[in-house]
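*Asks:* If you want the building blocks of each chain, they are given just below.
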Amino acid sequence: MLEIKNLHVKIGDAKILNGLSLTVNAGEVHAIMGPNGSGKSTLAQVIAGHDDYVVTDGSVRYDGRDFLELAPEERAREGVFLGFQYPVEIPGVNNAYLLKAAINAKRRHNNEGEIDAFEFLQLAREKMKGLDIDPAFLKRGVNEGFSGGEKKRNEILQMVMLEPRLAILDETDSGLDIDALKVVAKGINAMRSPERAIVLVTHYQRLLDHVEPDFVHVLSEGRIVRSGDKTLAQQLEDRGYEWVREAESA
Amino acid sequence: MGAGGRKRMSVIAQELLEAVVNRLPEDSLTPVRQAALAEFAKTGFPTTRNEDWKYTNLATVVELSNAYLANASAFVPHAEWTGAAKRAVDEILESIDASWIIVANGIIALETLAKAESLESQGIHISKLSNGRANLAIISDDPMTSFNAALLLDGLQVGIRSGAYDAKPLGFLFFDDAQNGGLSQTRLIIDVEADANIDIIEAHVSIGSDAQFANTVIQLNIDDRAQVGYVRIQDRADTHMQIGKLITALQRDAVFDYASFDFGGSLIRNDVAVDIAQPGATAILNGLYLAGGRQHIDNHTRVDHRVGPAVSREEYRGILSGRARCVFNGKAIVHKGADGTDAEQSNHNLLLSKTSEIDTKPELEIYADDVKCAHGATVGQLDKSALFYLRTRGLDQDEAAQLLTRAFAARILTAAPIEATHAYIGQRTEQRLDELISGDTP
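One line per chain: the protein sequences are Y and B, in this order. Each residue of the first sequence is one higher than the last, beginning at 1 in this note's numbering. Each residue of the second sequence is one higher than the last, beginning at 1001 in this note's numbering.
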């Protein structure tokens, strides 16, 4: 589904990714771990299409097509979703409006009719219930005055409403207490399916206790330095990122 | 307002003004006019050398006024509206459910008074200023209010009785369709008695392609514990100029909840003065100005906290495109002894074009010790991170930009009092933003 080869990315003069390669197939859950500054968030932002980042070499293909030439909105409509580490507050635009606009943008892209108001409300209520979100939430401004946990839950709500084929969740676990973490994990697990792939970008292993990855990759200095199964996450937790760096330089 | 090919006269021809004022029919307002005339003679129109008028050049207004004064006898003022004029008036009347009092071309017509009489039973008393008490305080203490008082044909005195708390909003529609250019002066003196609760709408609508200048002065006294919701809607024709002044005094525990919307006009200057005269008062001022083309919109507000405790909250927002030029000056003065004052003011601007310009200056002058004050201003473009966020949800660039622009304005729309005005204001805002975003403005 997603094929990243030898990706080099810089922002300004700073090189962030230095030859990253990663293949994600439908049905798989990948965890990308790494210390701060290793390039995890950059990878997520580049896949979503942020134009502050310049790709200097390498390729990103999605379903065999060059993904980098698509605008961010085209990527979204093709079924790629980015859950932000720091979701943006947009006062004056309510959640219901954004959700509906996002669903309809995708439906138009797929030559489907727009969602009707009743169908939308039913769907939203059902999904919100599953995520322990108060229905009044729909009328609030997007992330406006939300706590950290509410913002992350809102990202998950958007994901489950949009039903992406590829979801990249950037540090969705950070800032969550244990109850919120469980709710978020439940939302992610409900998304698992043979047609869908999920990439979890995370600093810590704790989310992986609730969402079991098929593959774990360790990112360091802009490259994947080690890949393995879920036991790699446990090893990292026990031994720290220094262990990988030492192994790398040894 | 730029340097034209020919030299523009920058002062009012006082002898022409005197001649016109002296020709007005003798009535109980004559002494007021004469006093105002003398007052105006001392200063003439303000110029850009005056700090309060630094960014608003009145040369075009002066030129139009002189042309009018030279030919005033040729202008036959009329208070009828038919055809396009009627459609413009009806649009407001049909969109906003209120008791409407219409003042056309500055004239208090018989129909106006007939309508006013029907409100008597609702605790709203309206009469001509010229019928009013002799000691009526017609304020004429600055150049524009003096000019207004000197040329005033008549005005309205409005009394809101204590029992008036269940009435429909009271709307004043100031309508101008003067042909071949023209001037209109209107004055309202509104007294809201203790414990009354009233919603007031001040709407300005005009049609016609010739330049026109309307000068409006509204005096509003809000007595003890009375509450006033107030919405000003300015939607004048794009060649029309207006200077408006609202002078408000708040007595003990009075509440004044004001929102102002500027959609039209070529040169607009709106002054709001709030005098917090007694403790416990609350003043809320919100404003939205949407300017494109070569529009010039200047909002000046001044809140005098003379006593405390009292609260003032102010937020003005502007969206500018084309070569629009806007001015915001919000002054809060906390006088000596006004302890317990809580004042906040802010002004935020969104510039959609590189050629639009805003001069913004929130000002605080504090002479008391125990106060809580904050102010701030921003000028900028759309938030890039918000744009990207929306695009990652599938909205294209234009859709995302429009959504954020609307959201920027929505803040003021949702803060406005008087529910009956919301649908109309919302729809006009939508239309105006479409014009500003597409660059399709005069």
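Careful, some of the hints might be misleading.
What the hints assert, rightly or not - A few chain Y positions that, by computed beta-carbon distances, are all more than 10 angstroms from chain B:
{"#": "1", "residue": "Ala26"}
{"#": "2", "residue": "Val55"}
{"#": "3", "residue": "Glu69"}
{"#": "4", "residue": "Val93"}
{"#": "5", "residue": "Phe118"}
{"#": "6", "residue": "Gly130"}
{"#": "7", "residue": "Asp134"}
{"#": "8", "residue": "Gln158"}
{"#": "9", "residue": "Asp177"}
{"#": "10", "residue": "Val183"}
{"#": "11", "residue": "Met191"}
{"#": "12", "residue": "Phe215"}
{"#": "13", "residue": "Glu221"}
{"#": "14", "residue": "Arg223"}
{"#": "15", "residue": "Arg245"}
Said to hold, decoys possible - For each label pair, taking beta carbons as the anchor points, the in silico distance ranges come out as:
{"#": "16", "chain 1": "B", "residue 1": "Glu1430", "chain 2": "Y", "residue 2": "Asp132", "range": "31 to 39 angstroms"}
{"#": "17", "chain 1": "Y", "residue 1": "Lys139", "chain 2": "B", "residue 2": "Asp1052", "range": "25 to 33 angstroms"}
{"#": "18", "chain 1": "Y", "residue 1": "His109", "chain 2": "B", "residue 2": "Glu1430", "range": "51 to 59 angstroms"}
Everything labelled a hint here was simulated from the structure, so no lab data went into it. In this text, all values refer to a predicted model and were calculated from it rather than measured experimentally. Glycine residues also receive a C-beta, built at the ideal position from the N, C-alpha and C atoms.
*Asks:* For every hint, state whether the structure bears it out.
*Replies:* Results for each hint:
Remark: the non-interface label on Ala26 of chain Y is consistent with the geometry, its nearest Cβ contact in chain B lying 21 angstroms away (cut-off 10 angstroms). Every beta carbon of chain B lies more than 10 angstroms from that of Val55 of chain Y, the smallest distance being close to 16 angstroms; the non-interface claim holds. No beta-carbon of chain B comes within 10 angstroms of the beta-carbon of Glu69 of chain Y; the shortest separation is about 15 angstroms. Consistency note on Val93 of chain Y: stated as away from chain B, yet its beta-carbon is not over 10 angstroms from all of that chain's, at 5 angstroms minimum.
No Cβ of chain B approaches the Cβ of Phe118 of chain Y within 10 angstroms, the least distance being about 22 angstroms, so the stated non-interface status holds. Listed as outside the interface, Gly130 of chain Y is consistent with that label: its C-beta sits roughly 20 angstroms from the nearest C-beta of chain B, beyond the 10 angstroms cut-off. The Cβ of Asp134 of chain Y sits about 20 angstroms from the closest Cβ of chain B, beyond the 10 angstroms cut-off, so the non-interface label holds. Not every beta carbon of chain B lies more than 10 angstroms from that of Gln158 of chain Y, the smallest distance being close to 7 angstroms; the non-interface claim is violated.
Even its closest Cβ contact with chain B, about 25 angstroms, leaves Asp177 of chain Y beyond 10 angstroms, as expected for a residue assigned away from the interface. With a least CB separation of 21 angstroms from chain B, Val183 of chain Y remains clear of the 10 angstroms interface cut-off, as annotated. Distance to chain B confirms Met191 of chain Y as a non-interface residue, since its nearest Cβ pair spans about 17 angstroms, more than 10 angstroms. Under the 10 angstroms C-beta cut-off, the non-interface status given to Phe215 of chain Y relative to chain B holds; the minimum distance is some 24 angstroms.
For Glu221 of chain Y, the requirement that its beta carbon stay farther than 10 angstroms from each beta carbon of chain B is met, with the minimum near 26 angstroms. No beta-carbon of chain B comes within 10 angstroms of the beta-carbon of Arg223 of chain Y; the shortest separation is about 25 angstroms. Under the 10 angstroms C-beta cut-off, the non-interface status given to Arg245 of chain Y relative to chain B holds; the minimum distance is some 32 angstroms. Checked against the hint of 31 to 39 angstroms, the pair Glu1430 of chain B and Asp132 of chain Y passes, with Cβ atoms roughly 36 angstroms apart.
Taking 25 to 33 angstroms as the suggested C-beta distance range, the pair Lys139 of chain Y and Asp1052 of chain B does not conform, at roughly 42 angstroms. Distance hint check: the CB atoms of His109 of chain Y and Glu1430 of chain B are about 26 angstroms apart, inconsistent with the given range 51 to 59 angstroms.
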